[in-house]
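Each protein sequence line maps, in turn, to chains A and B. Numbering follows our numbering, with no gaps: position 108 of the first sequence is 108. Take any residue in the second sequence, count from 1 to its spot, add 1000: that is its number in our numbering.
No wet-lab data here; the hints were simulated from the structure. Careful: at least some of the hints might be erroneous.
[Stated by the list, open to error] BS3-like cross-link-like pairs, simulated, lysine-lysine; straight-line CA separation at most 30 Å: (1) B:K1069 <-> B:K1119; (2) B:K1097 <-> B:K1119; (3) B:K1069 <-> B:K1097; (4) A:K265 <-> B:K1119; (5) A:K241 <-> A:K265; (6) A:K130 <-> B:K1097; (7) B:K1097 <-> A:K265; (8) B:K1024 <-> B:K1097; (9) A:K265 <-> A:K305.
Nothing here was measured: the structure is a model prediction, and the numbers come from that model.
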Amino acid sequence: MTQRTSLADGTFAALLEAAPDAMVCIAADGLVVMVNAQAERLFGYERAELIGQPVEILVPEAARAVHPGHRAGYVADPRHRPMGAGLSLAGRRRDASTFTAEISLSAIDTDAGILVAAAIRDVTAQLRVKDLERSAQSLESFIYTVSHDLRAPLRALSGYSELLLEEYGGVLGEEGRGYAERIVAVSMQMGQLIDCLLQLSRISRAQLNLQPVDLGGEAAQIAGEIQRREPLRHVCFTIQKQVRALADRRLILTVLENLLDNAWKFTSGRDDASIEFGAAPGGDAAVCCYVRDNGVGFDPAYADKLFQPFQRLHAARDFPGTGTGLASVRQIVERHGGHVWAESAVGAGATFYFTLDEKEGA
Amino acid sequence: MTSQTILLVEDNPDDEALTLRAFKKSNISSEVVVARDGAEALAYLFPGDGDGDDAPRPALILLDLNLPKVGGLEVLRRMQADARTRLIPVVVLTSSKLEEDILDSYRSGANAYVRKPVKFSEFAEAVRALGVFWLLLNEPVPSRAPESD
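Using the sequences and the accompanying hints, generate a full structural model.
In structure tokens, the structure reads:
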């Protein structure tokens, strides 16, 4: 405090007004001397209502009695106290509501005596985000632990049933063996469900690594792989070239694989199966793609259920699957800031659309 | 102590029983010592606190990651930190397929990472393949290995 600040020339007031935080200056007697517009907004008072008032009107009732003591202590030893120095503080608005605040204090030597300038920041939203992040994290780790721990008893269920079959198959008889086989099969199925749950939780935790991706080229490659798996099926693929987007390559491949796999699966009954990938006008979105097939389709009444985990619109014996493919698709697309929807009628094929937020070079 | 001892570090009694059963099924006749948590495994590998050379040297360690008291990764790190155990092959055998777990295992010195399949026949096949590879195909570390860092 070697140089005295002059309040008269207006520079100080202008600086105060320009500060990003709410600023309240008080004199040594605890009366408010100056406030800025941010402080008016934050506390809900007009400037004229605050000037000349004890600063305690901005302090929650519970802390008012002790505040003058703190104030005197600070003036006696006016060291700069930075924001968030481990103190949980609160402010009180005109309507008596309170908010969690970070407050930093500095003493200014002025021609009108020592002023204490307090910069006040409402951190309620930040705290809420932190809380949300924390609960999302604990949910993820909960899902992980549960899925992990569920596999061990499953292994025992299926393992002992297989041993029963192997070593006591004769004693069990045909019906008994059938039951044991059901236990093995259902354990396998539950194992797959758990793996899908793990995958969903991994997608929501994954860091997005955005890069230019040639969606048309990738779709063509995936189509080729699917065709190689079942070389006897004849499916006409029409894939638009030069569909480019900024995306996490690994995740967006999962989207294309799931949609093309589904199209392949649900056209299996047709000799003239056709599957199409292309770009459509996307409205506000930078990229809008679709995968269209002429397969069995689905009842549009259940369209909203398609993208929920473990929901299936077809009997497992007709079209096998765990019912998590489209849930992964939705999760990945939404992580890219896009959305996904589907159009269909029973027997008339289905079209799945997804948008992505960023276009390469846009 | 034969050179063909397998140390199985497994806290789940069902997994232990199924693993032993899988060994039996695949005619792996090695003696299997079971440690039921990380602390038991360390106590087996480092008996007493002496520097004696009489500590057991299993030919293979099958190590679960999620273990009571001392976790699998910690067991790996302690083994890496000691010249007497650094060269013993360790296969992580676990339910987890979390990338972090796989990476951490290799970074901590694991020689292989195998996820336990749910289906017993697949699990038994995995255990058989591990036994065949590590006990028959793979040339073990010479017993008088020069101990240098």
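Legend entry - List of violated hint numbers, smallest to largest: Of the numbered hints given earlier, the structure breaks none, since each of them holds.
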